[in-house]
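Student: Sequence:
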Amino acid sequence: MKLSEIVRNLELNVIYMDEDYEIRGGIVSDLLSFVMAHAPEDSVWVTIQTHVNTIAVAVLTGIKSIIFVSGQNPDEETIKKAKEEKIALLITKDNAFNVVGKLYSLGIKGVDRLQ
1 MKLSEIVRNL ELNVIYMDED YEIRGGIVSD LLSFVMAHAP EDSVWVTIQT
51 HVNTIAVAVL TGIKSIIFVS GQNPDEETIK KAKEEKIALL ITKDNAFNVV
101 GKLYSLGIKG VDRLQ
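Quick note: the sequence shown uses my numbering, first residue 1, plus one each step.
There's no promise every hint is true.
No more than 20 angstroms apart at the CA atoms, straight line, and that leaves these computed lysine to aspartate or glutamate pairs for EDC-like [stated by the list, open to error]:
| # | residue 1 | residue 2 |
| --- | --- | --- |
| 1 | Lys83 | Glu22 |
| 2 | Lys86 | Asp42 |
| 3 | Lys102 | Asp30 |
| 4 | Lys2 | Asp20 |
| 5 | Lys109 | Asp42 |
| 6 | Lys93 | Asp75 |
| 7 | Lys2 | Glu41 |
| 8 | Lys83 | Asp94 |
| 9 | Lys86 | Glu41 |
| 10 | Lys86 | Asp20 |
| 11 | Lys102 | Glu5 |
| 12 | Lys80 | Glu11 |
| 13 | Lys2 | Glu85 |
| 14 | Lys86 | Glu5 |
| 15 | Lys109 | Asp18 |
| 16 | Lys109 | Glu22 |
| 17 | Lys109 | Glu11 |
| 18 | Lys86 | Glu22 |
| 19 | Lys80 | Asp20 |
| 20 | Lys86 | Glu19 |
| 21 | Lys102 | Glu11 |
| 22 | Lys2 | Asp30 |
| 23 | Lys2 | Asp18 |
With beta-carbon atoms standing in for the labels, derived distance ranges [as the list claims (entries may be wrong)]:
| # | residue 1 | residue 2 | range |
| --- | --- | --- | --- |
| 24 | Ser4 | Tyr104 | 16 to 26 angstroms |
| 25 | Glu76 | Ile48 | 16 to 26 angstroms |
| 26 | Gly101 | Ser4 | 31 to 41 angstroms |
| 27 | Ser33 | Arg8 | 17 to 27 angstroms |
| 28 | Leu32 | Asn95 | 17 to 27 angstroms |
None of these hints come from the bench; they were simulated from the model.
Even for Gly, the Cβ is constructed at its ideal location relative to N, Cα and C.
Take these sequences, add in the hints, and give me the full structure.
Tutor: Printed below as a string of structure tokens:
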């Protein structure tokens, strides 16, 4: 599914989105080491973590987009790094549980790269 379809269907606010990536799966976690070990490539990551290290994890794993939930906003350093690395940043006031449910209903499934 195209990232723009996810943005539209979930009514997400776009902080940065340079490309309309094809999203093939998703992961939800606030533990960076878990995401590094399990995130599938070309996925969307749902988290409340907004610091610059999230961008490093996204680059390392091939994550294309991060959805910051519960009204969490990244700082300028995180946004700047996301632009450099072309990682889409999206925000919502909705909580992680609801966001993941909506993604699942759109056909975005959790995929573990270790399976």
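Student: All hints, please: hold or fail.
Tutor: Results for each hint:
1. Lys83 with Glu22: Holds. Lys83 to Glu22 sits at ~18 angstroms (cutoff 20 angstroms).
2. Lys86 with Asp42: holds (12 angstroms)
3. Lys102 with Asp30: holds (19 angstroms)
4. Lys2 with Asp20: Status holds; Cα separation ~6 angstroms.
5. Lys109 with Asp42: holds (12 angstroms)
6. Lys93 with Asp75: holds (17 angstroms)
7. Lys2 with Glu41: holds (14 angstroms)
8. Lys83 with Asp94: violated (24 angstroms)
9. Lys86 with Glu41: holds (14 angstroms)
10. Lys86 with Asp20: holds (11 angstroms)
11. Lys102 with Glu5: Roughly 12 angstroms between the alpha carbons, so the hint for Lys102 and Glu5 holds.
12. Lys80 with Glu11: violated (23 angstroms)
13. Lys2 with Glu85: holds (19 angstroms)
14. Lys86 with Glu5: holds (18 angstroms)
15. Lys109 with Asp18: Between Lys109 and Asp18 the Cα gap is close to 24 angstroms, so the pair fails against 20 angstroms, i.e. violated.
16. Lys109 with Glu22: Status holds; Cα separation ~13 angstroms.
17. Lys109 with Glu11: Distance ~19 angstroms between Lys109 and Glu11 Cα, so the pair holds.
18. Lys86 with Glu22: holds (14 angstroms)
19. Lys80 with Asp20: It holds: about 19 angstroms lies between the C-alpha atoms, which stays within 20 angstroms.
20. Lys86 with Glu19: holds (8 angstroms)
21. Lys102 with Glu11: Since the Cα atoms of Lys102 and Glu11 sit roughly 11 angstroms apart, the hinted pair holds (cutoff 20 angstroms).
22. Lys2 with Asp30: At roughly 24 angstroms apart (the allowed maximum being 20 angstroms), Asp30 and Lys2 break the hint.
23. Lys2 with Asp18: holds (13 angstroms)
24. Ser4 with Tyr104: 16 to 26 angstroms: Cβ of Ser4 to Cβ of Tyr104: about 19 angstroms, so the range 16 to 26 angstroms holds.
25. Glu76 with Ile48: 16 to 26 angstroms: Cβ of Glu76 to Cβ of Ile48: about 18 angstroms, so the range 16 to 26 angstroms holds.
26. Gly101 with Ser4: 31 to 41 angstroms: violated (20 angstroms)
27. Ser33 with Arg8: 17 to 27 angstroms: violated (32 angstroms)
28. Leu32 with Asn95: 17 to 27 angstroms: holds (20 angstroms)
Hints 8, 12, 15, 22, 26 and 27, counting from the list given before, are not met by this structure.
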